Amino acid sequence: MSAPERDWAAFVTNTDDGKAHMDLAVDGITCAACMYEIERGLQKLDGVEKARVNLSSHRLSVDWDGEKTNPSPIVDLLQRLGYKAYPFDPAQVKSRGDAVGKEILRALAISGFAAMNIMLLSISIWSGNASDIDPETRSFFHWISALIALPTVVYSGRIFFRSAYMAVKTGRLNMDVPITIGVLLATGLSMWQTVQEAEHAYFDSAVMLLFFLLVGRYCDHLMRRKTRSFAENLATLKAESAAKIQEDGSALDVPLSKLSVGDRVLVRAGERISVDGKISTGTSEVDQSLVTGETLLQPVGEGDLVYAGTMNTYGVLEIEVTAAAKGTLLDEVNRLLETAMEGRSKYVHIADRASQLYAPVVHAAALLTLVGWIMLGMAWQPALVIAISVLIITCPCALGLAIPAVQVVASGLFFNERVLLNAGDAIERLATVDTIVFDKTGTLTLPETSLSEKHDLSADQLELAGRLALSSSHPLSQAIARATGAQQALLDAKESAGKGVEAIIDGVPAKLGSPAFCGVSDEQLEQAKILQPDASFVAFQSGDKAAQLLPVGQFMREGATDTIQKLKTAGFTIEIFSGDHKGAVEHAARVLGVETWQAAMKPQDKIDHIEELKAQGKKVLMVGDGLNDAPSLAAANVSISPVSAVHVSQAAADAVFLGDSLAPVMSALTISKKARWVMNQNLAISVVYNMIAVPFAVLGFVTPLVAALAMSGSSIIVTLNAVRLRMLAGSSTQPNSEA
Amino acid sequence: MEVLIYLIPIALFLGGAGLVAFLWSLRSGQYDDMEGPKWRILDDGDLQENSAPVEAAKRKVS
Chain P
1 MSAPERDWAA FVTNTDDGKA HMDLAVDGIT CAACMYEIER GLQKLDGVEK
51 ARVNLSSHRL SVDWDGEKTN PSPIVDLLQR LGYKAYPFDP AQVKSRGDAV
101 GKEILRALAI SGFAAMNIML LSISIWSGNA SDIDPETRSF FHWISALIAL
151 PTVVYSGRIF FRSAYMAVKT GRLNMDVPIT IGVLLATGLS MWQTVQEAEH
201 AYFDSAVMLL FFLLVGRYCD HLMRRKTRSF AENLATLKAE SAAKIQEDGS
251 ALDVPLSKLS VGDRVLVRAG ERISVDGKIS TGTSEVDQSL VTGETLLQPV
301 GEGDLVYAGT MNTYGVLEIE VTAAAKGTLL DEVNRLLETA MEGRSKYVHI
351 ADRASQLYAP VVHAAALLTL VGWIMLGMAW QPALVIAISV LIITCPCALG
401 LAIPAVQVVA SGLFFNERVL LNAGDAIERL ATVDTIVFDK TGTLTLPETS
451 LSEKHDLSAD QLELAGRLAL SSSHPLSQAI ARATGAQQAL LDAKESAGKG
501 VEAIIDGVPA KLGSPAFCGV SDEQLEQAKI LQPDASFVAF QSGDKAAQLL
551 PVGQFMREGA TDTIQKLKTA GFTIEIFSGD HKGAVEHAAR VLGVETWQAA
601 MKPQDKIDHI EELKAQGKKV LMVGDGLNDA PSLAAANVSI SPVSAVHVSQ
651 AAADAVFLGD SLAPVMSALT ISKKARWVMN QNLAISVVYN MIAVPFAVLG
701 FVTPLVAALA MSGSSIIVTL NAVRLRMLAG SSTQPNSEA
Chain D
740 MEVLIYLIPI ALFLGGAGLV AFLWSLRSGQ YDDMEGPKWR ILDDGDLQEN
790 SAPVEAAKRK VS
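So the protein sequences, as listed, match chains P and D.
Numbering of the first sequence is given in this note's numbering, commencing with residue 1 and proceeding in unit increments.
Numbering of the second sequence is given in this note's numbering, commencing with residue 740 and proceeding in unit increments.
It is worth saying that the hints were derived from the structure and are not from the lab.
Be careful, since some hints might not be right.
Partner residues are not named here, just some residues of chain D that face chain P (Cβ under 10 Å, in silico) [claimed, not checked]: (1) L751; (2) L765; (3) R766; (4) D771.
As the structure is a prediction and not an experimental result, all values here were calculated from the model.
Every residue gets a Cβ at the ideal spot worked out from N, C-alpha and C, and that includes glycine.
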């Protein structure tokens, strides 16, 4: 049973200078030594021109001479070195670079350059105004400032203008609308003043505002990029490819994007099925736990439908692809997901909520100032200058940084607790949660089957069982082989598909397999099932002694009971929604001490129940991993997935937690509560700042110097306050012990 | 004040040179990996070929 040839052409692209290029996600890179090892190893291969590991994204990029070598030895070498690598499907990773990040960084650099140079000129003018600058020099400085500021505002401001335009077009107000108005008015007024050869110009305020806001924007972007590249690597390493059966009967490994309806795909024992389809030949049992949450294996045969994400246990299956057909499970899930996502997008970010209150008030204040001064008999031009200076000084610089600064600090804390954020606003939403809904299979329990401690085999017997298990590709046997750490397979072991393995060791026959295969009586099996309702049983028999049962199953995650208890003590309502059968869910709920649970739920049922909870005014956090959970992850107010979740679920969830423990859920809630507190403080600081500054501006006391000082001062205070979150949280969360 | 005619262009040129250098480093992908390069300087695997002086020094010590 050798692996099928891989269709390399689908993964390789050509560089400009005629070399072949491939990007791979590499699993197992933990430190810099791994990086040297991989690069040096690859460079020694004949024909490899360049191999470079990106240590932050755990990706490898290789260029080679297409005539001298091919990708096979490259992947083989990585395998020998002990790294699992899988090439990216170029169709799925659309842009190789981080185009958005580079745009923001370019805009940031240009606004930084402009802000420095304009400030240099402005400080000369301010000190000159206090002493003896002559009007010609001042005017000259203003013109140079204008020359620097105008292109900068156009180039660096685009990001805000675009977003503001989109918001206004759809009839909404977001942060970027007042920012755009403020920047444009400040620049326009300064231009006007420059032409008039007036004493004041506000170019420095406009450009500095852009600079501070872009810093916030870039931090926000960095945080999301980290999660996204992690998710992409994981999806790629799950090898979303399929062994397509060619016309001549051979199998070729191709990425999913190269499959079309009607193609036939070969799935061998122990492999995950990667397409939706109909079985054309073969019988087996499939493990649907990742898709429906059901932990019992389901027998399938010719003509039955199987779904992407399910695991083939022992038989070899030939599947005809039907993915495009309506009514498949994935299709259903995607449809539900879309509707649920629409609900999510109705959530208004805290910053946008603030600006919806803020913008009308400030704009009204500016208008009143203009009207008031004219009524007091001032000419319209100076009155307009004062009105605009009200807008400039209230321009939401602190408001624009208040939330992103906290988000960046909080996401660093989340990362220490092994939680990756998908959405920045997830922190705000996590902070308001009062009800937590858990999925069972793969979320409360471990995603992989493992061997229970509760069996009565001796160490020798267990070792033997492990070696027998190595000869079988059935998932339950693999769990036993993993648990026992067996290395040496038995050479003469014979596998009867779907039943078990037998071998003769030192003249004594030994058997490992289904209870019936080893002659376990039904009563004995029933009794064992009462003791451990969440386990499947594998029997082991040595010689003619009575067979013994090995309970294997998806058991609770490390710290699950502990975390649930802590969450309950902290006042959260806990519920379990599972697609698994009643017995297993009931057992899990009892062990964890959760009173409210529902079993055998379909994706739609889960959404309905979540909507019900939301209608009662509860804020729901959904924690789930399966394909069947994806729509409810999107429907809940906020959601978290374990890293073992299916790709769709990870994409739908707001955050992903790493590792086998459930504890990160608790820390995520704790950190976000504190982060929310600091966000509110920051908003309060911005409001207080405005309350102090606006009266001065209305009375016409705001010179460019005052505006610039107030603006940078408030930004710095808000940022420092965000950094304080680290100290607040540091007292309650332990630093990550693993690097 | 005539000196400003030289000083301002010089200031702008210096700032601009920094900006161009930054944009170049961004374009050539120096910000793609913020983690790896700081470790690469510690990699002495490339010393193998021309490590004769080191070897000689070691021999002298022993």
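Against the structure, the hints come out as follows:
no. : hint : result
1   : L751 : holds (6 Å)
2   : L765 : holds (6 Å)
3   : R766 : holds (8 Å)
4   : D771 : holds (6 Å)
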